[in-house]
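Participant: In case you want the letters, here they are:
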Amino acid sequence: MIDLQRDGDVYVLRYDAGENRFSPDFLGAVEGALDGVAKNDGPGALVTVGTGKFYSNGLDLDWLGANQDKFEEYLRRVHGLFARVLELPMPTVAALNGHAFAGGGMLALCHDHAVMRTDRGYFCLPEVDLGMSFTPGMNLLIKERLPRATAHEAVLTGRRYTAEQALRAGIVQRTAAEDEVLPAAVELAASLAGKNGGTVAKIRADLYRPVLDALHGPALS
Amino acid sequence: MIDLQRDGDVYVLRYDAGENRFSPDFLGAVEGALDGVAKNDGPGALVTVGTGKFYSNGLDLDWLGANQDKFEEYLRRVHGLFARVLELPMPTVAALNGHAFAGGGMLALCHDHAVMRTDRGYFCLPEVDLGMSFTPGMNLLIKERLPRATAHEAVLTGRRYTAEQALRAGIVQRTAAEDEVLPAAVELAASLAGKNGGTVAKIRADLYRPVLDALHGPALS
Amino acid sequence: MIDLQRDGDVYVLRYDAGENRFSPDFLGAVEGALDGVAKNDGPGALVTVGTGKFYSNGLDLDWLGANQDKFEEYLRRVHGLFARVLELPMPTVAALNGHAFAGGGMLALCHDHAVMRTDRGYFCLPEVDLGMSFTPGMNLLIKERLPRATAHEAVLTGRRYTAEQALRAGIVQRTAAEDEVLPAAVELAASLAGKNGGTVAKIRADLYRPVLDALHGPALS
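Protein chains in written order, with this note's numbering: chain A, 1 to 221; chain B, 1 to 221; chain C, 1 to 221.
What the hints contain is simulated information worked out from the structure, not anything from laboratory work. Keep in mind that the hints are not guaranteed to be accurate.
What the hints assert, rightly or not - Derived DEER-like restraints, expressed as beta-carbon distance ranges:
| hint | chain 1 | residue 1 | chain 2 | residue 2 | range |
| --- | --- | --- | --- | --- | --- |
| 1 | C | Gln-68 | B | Arg-160 | 47 to 53 Å |
| 2 | C | Leu-61 | A | Asp-3 | 43 to 49 Å |
| 3 | A | Asp-41 | C | Asn-67 | 28 to 34 Å |
As the list claims (entries may be wrong) - Straight-line distance between alpha carbons at most 25 Å, and here's what the computed SDA-like set of lysine to any residue pairs gives:
| hint | chain 1 | residue 1 | chain 2 | residue 2 |
| --- | --- | --- | --- | --- |
| 4 | A | Lys-53 | A | Pro-126 |
| 5 | B | Lys-202 | A | Arg-77 |
| 6 | A | Lys-202 | C | Leu-61 |
| 7 | B | Lys-202 | A | Lys-53 |
Keep in mind the model is a prediction, meaning the values are calculated, not measured. Don't be surprised by glycine CBs; every beta carbon is placed ideally from N, CA and C.
Isolated chain A (complex conformation) (with noise of 0.2 Å):
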């Protein structure tokens, strides 16, 4: 489901869960890396990145589909792994080795940097074309963490961005081959593992604060 490796300072999460959309048991197994990861004691940073053709393909809308019943309860849990990204105190670098759609270029966003896989993958919030909204949490992250340019194109039309598009859309901050994605993200957040966690985590947390409010608030406007 998941992998945490540490690679000098760095902590390498894994999600290896195919499309690694947001099933029940995905996201226990990543709540439970994070919650270890924040207790990281000294120099630390996080990486996370998935396999082969995704990074994450957001919410798991067969579970959904099948239990209707708990759609606020799981949109809660998916504001939670969000809110936990953002406030972890460490810097973190996304790996996107592949795709990046809706909510998992929304987690992708959580982040500090990403850098993106040039040859193949898109990063897309095609919720527009789905007959799908956003919630307020989800509303304010885009809003507050993209130029509002992008913001602005990437929900109302749903574009589809390559990492060079992304890249000047300002989505992602490097692209990397394949097989140097996941090596020069490491190499970034080994770059900022230095920082003291707690004051990366008070000024992400100010500067970031109204979407942590909607984060933390309902899940449903």
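Use these hints to put chains B and C onto chain A, whose structure you have.
Facilitator: For chains B and C alone, kept in the frame of chain A given last:
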């Protein structure tokens, strides 16, 4: 005054009143047209365009000068126009065939996308040079819709942006020669017309909630 | 400590106290100068500039260390300085002749525009590397005044921006060689000096209302 045509799935609303200033008659005609367009069922998108040298020069200062007792009521109606476009249940594109000044520039910003003519015409918010300031709704529209640096420069310097400058500043998304502005806008609109109107309206309203709240609130601070 | 001259319509306020840290004496001198400038009637604009290698290094940490009981009162006074510049009834330009660090960088952000020296000096918000965070007023100033991606990177990484990097990141609007920084800033200021001061102040205060509210509110969260 105005002309409303349909080109495939795309409604083309042409303002045809010279400078296309927001006279009560102009507002009434546009309100009626938009109310009709909003009832569209199925695929649809809106393009607005002006005539000759002008997209729109905004507030009708002559009429306002002769009707100063109706200032606040008039501003509420202009706010209502902006909100109507921002809430339209379909993708929207402004075809900037010519000058988009002051309120005319803000009306352009209410659209999802804009295509601007390259050889002639400016986007300009000249209020700072007219001794005017912005209503709370206008201020938030400019601030939330434009990249930060562009909003700052536009309102504090009153800069006149050519099409190329407006593209670089994130005010418009495409530029075209005079004859190509409307076709390019229609082509863009047509490519988006298949999206579900209710979904577009919900996502857009969530994204611009503070703007819409201000536009629906008191016209003056 | 400081020197205030007038060059045509442009007030040139030079900080002349080494690193130009915000000692109580420095603050008193600048407050007095700005109070005088604010009384200007007719065309006017302000340029601020430092001396030698420094624009300003911000908070006077030595003085603070010896006066820890006055921490909150001191921060309120620094907030007051930021608000004074943001509320000045005329266009303002920071001539970054050298380092603009921490509070000195934030002071630069309070100006409408900035010109930065190319061969030497950095813009840097190093708080994350000092175990410090930002007050609510400082946090909002950085967040509302800079492009989103720049605010994010600046506070979470403590990156030192050269003039060229600061230009690309939207922190400054022009760059110039050492001898040309002040002349370029004065030229820019002079080109804007004809704008009505009251109008400029109103538009700017509306645009940065949340920042000003925070700067005038409690210094600590």
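Participant: Each hint should be assessed against the structure and marked as holding or not.
Facilitator: Verification of the supplied hints:
no.: 1; hint: Gln-68/C x Arg-160/B: 47 to 53 Å; in the structure: holds, 52 Å
no.: 2; hint: Leu-61/C x Asp-3/A: 43 to 49 Å; in the structure: holds, 44 Å
no.: 3; hint: Asp-41/A x Asn-67/C: 28 to 34 Å; in the structure: holds, 33 Å
no.: 4; hint: Lys-53/A x Pro-126/A; in the structure: holds, 18 Å
no.: 5; hint: Lys-202/B x Arg-77/A; in the structure: holds, 23 Å
no.: 6; hint: Lys-202/A x Leu-61/C; in the structure: holds, 21 Å
no.: 7; hint: Lys-202/B x Lys-53/A; in the structure: violated, 31 Å
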